[in-house]
Amino acid sequence: KAGVTQTPRYLIKTRGQQVTLSCSPISGHRSVSWYQQTPGQGLQFLFEYFSETQRNKGNFPGRFSGRQFSNSRSEMNVSTLELGDSALYLCASSTGQGASYNEQFFGPGTRLTVL
Amino acid sequence: AQSVAQPEDQVNVAEGNPLTVKCTYSVSGNPYLFWYVQYPNRGLQFLLKYLTGDNLVKGSYGFEAEFNKSQTSFHLKKPSALVSDSALYFCAVRDDRGNSGYALNFGKGTSLLVTP
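So the protein sequences, as listed, match chains H and D.
For reference, each letter of the first sequence is one residue, going 1 to 115 in this note's numbering.
For reference, each letter of the second sequence is one residue, going 1 to 116 in this note's numbering.
Keep in mind that the hints were calculated from the coordinates and are not lab data.
Ideal placement from N, C-alpha and C gives every residue a C-beta, glycine not left out.
A hint or two may mislead.
Unchecked claim - Simulated crosslink set (DSS-like; lysine-lysine; CA at most 30 Å straight-line):
1. H:K57 <-> D:K49
2. D:K22 <-> D:K69
3. D:K22 <-> D:K77
4. D:K108 <-> D:K49
5. D:K58 <-> D:K69
6. H:K13 <-> H:K57
7. D:K108 <-> D:K69
8. D:K22 <-> H:K57
9. D:K108 <-> H:K13
10. D:K58 <-> D:K22
11. D:K108 <-> H:K57
12. D:K49 <-> D:K22
Said to hold, decoys possible - Computed spacing ranges between beta-carbons, pair by pair:
13. H:T38 <-> D:E8: 18 to 24 Å
14. H:R73 <-> D:N17: 40 to 46 Å
15. H:T80 <-> D:D54: 45 to 51 Å
16. D:L51 <-> H:N59: 23 to 29 Å
17. H:S100 <-> D:L113: 32 to 38 Å
18. D:V83 <-> H:N102: 17 to 23 Å
19. D:T52 <-> H:Q17: 31 to 37 Å
20. D:E64 <-> H:G62: 39 to 45 Å
The task is simple: from the sequences and hints, build the whole structure.
Written as structure tokens, this is what we have:
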């Protein structure tokens with residue numbers, strides 16, 4: 001079974017630009033969660049999508065948004081990039097319900113650098 | 001909100017010796033606790049989880065964790081450390097949100113260095 005894939009793996013942008021990151025979950029999984037990892041703030045929850053709906057979200061500004069498609073693939077978008085958005089963005093795949101929902105499988109992440 | 005704390009930024013241990021990575025939790029209700037490991041330039045890999053039941057949880061790669069309710073701790077342990085265990089370890093707690101969803105709240109991470 002293929003794991004969670006994230007594209008691109010590395011990205012360099014400049015302030016003010018926008019960026020879109022992609023996550024393909026494990027086949028059969030319907031939940032995708034996004035996390036931001038920085039040296040200063042550690043791992044922080046951005047949002048979760050389940051069956052194409054945002055189920056819950058963390059405390060990030062509206063510049064951070066996402067969506068999920070019918071095949072469960074998810075994208076997150078960051079508009080008007082700031083230097084502080086430089087981070088490793090991780091997505092996690094899960095069934096989204098039942099006991100197996102307690103197991104989340106993470107992708108390798110997208111390293112975003114904002115110049 | 002549910003939270004965990006990892007009091008040590010770094011743990012050093014010699015290969016072959018037992019290792020412990022500490023985690024304490026602060027929750028309302030019963031905690032669902034997890035350990036993940038992160039190798040350089042990689043995502044997080046699941047090691048083990050505690051939901052209910054036995055206080056000693058066995059996980060991947062020979063790791064285990066002991067849940068202690070009175071001390072609100074969930075320490076990660078391994079009887080004999082390997083150099084390849086050197087990595088960043090994260091403790092996490094499930095934080096239930098609305099709509100039957102949840103977020104994982106992570107500790108700051110502990111860097112484990114195993115020396116030959």
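Hint check:
no.	hint	verdict
1	H:K57 <-> D:K49	holds, 23 Å
2	D:K22 <-> D:K69	holds, 14 Å
3	D:K22 <-> D:K77	holds, 9 Å
4	D:K108 <-> D:K49	holds, 18 Å
5	D:K58 <-> D:K69	holds, 17 Å
6	H:K13 <-> H:K57	holds, 25 Å
7	D:K108 <-> D:K69	holds, 21 Å
8	D:K22 <-> H:K57	holds, 28 Å
9	D:K108 <-> H:K13	holds, 27 Å
10	D:K58 <-> D:K22	holds, 16 Å
11	D:K108 <-> H:K57	holds, 20 Å
12	D:K49 <-> D:K22	holds, 15 Å
13	H:T38 <-> D:E8: 18 to 24 Å	holds, 20 Å
14	H:R73 <-> D:N17: 40 to 46 Å	holds, 44 Å
15	H:T80 <-> D:D54: 45 to 51 Å	holds, 49 Å
16	D:L51 <-> H:N59: 23 to 29 Å	holds, 26 Å
17	H:S100 <-> D:L113: 32 to 38 Å	holds, 34 Å
18	D:V83 <-> H:N102: 17 to 23 Å	violated, 31 Å
19	D:T52 <-> H:Q17: 31 to 37 Å	violated, 47 Å
20	D:E64 <-> H:G62: 39 to 45 Å	holds, 43 Å
The structure shown violates the earlier hints numbered 18, 19.
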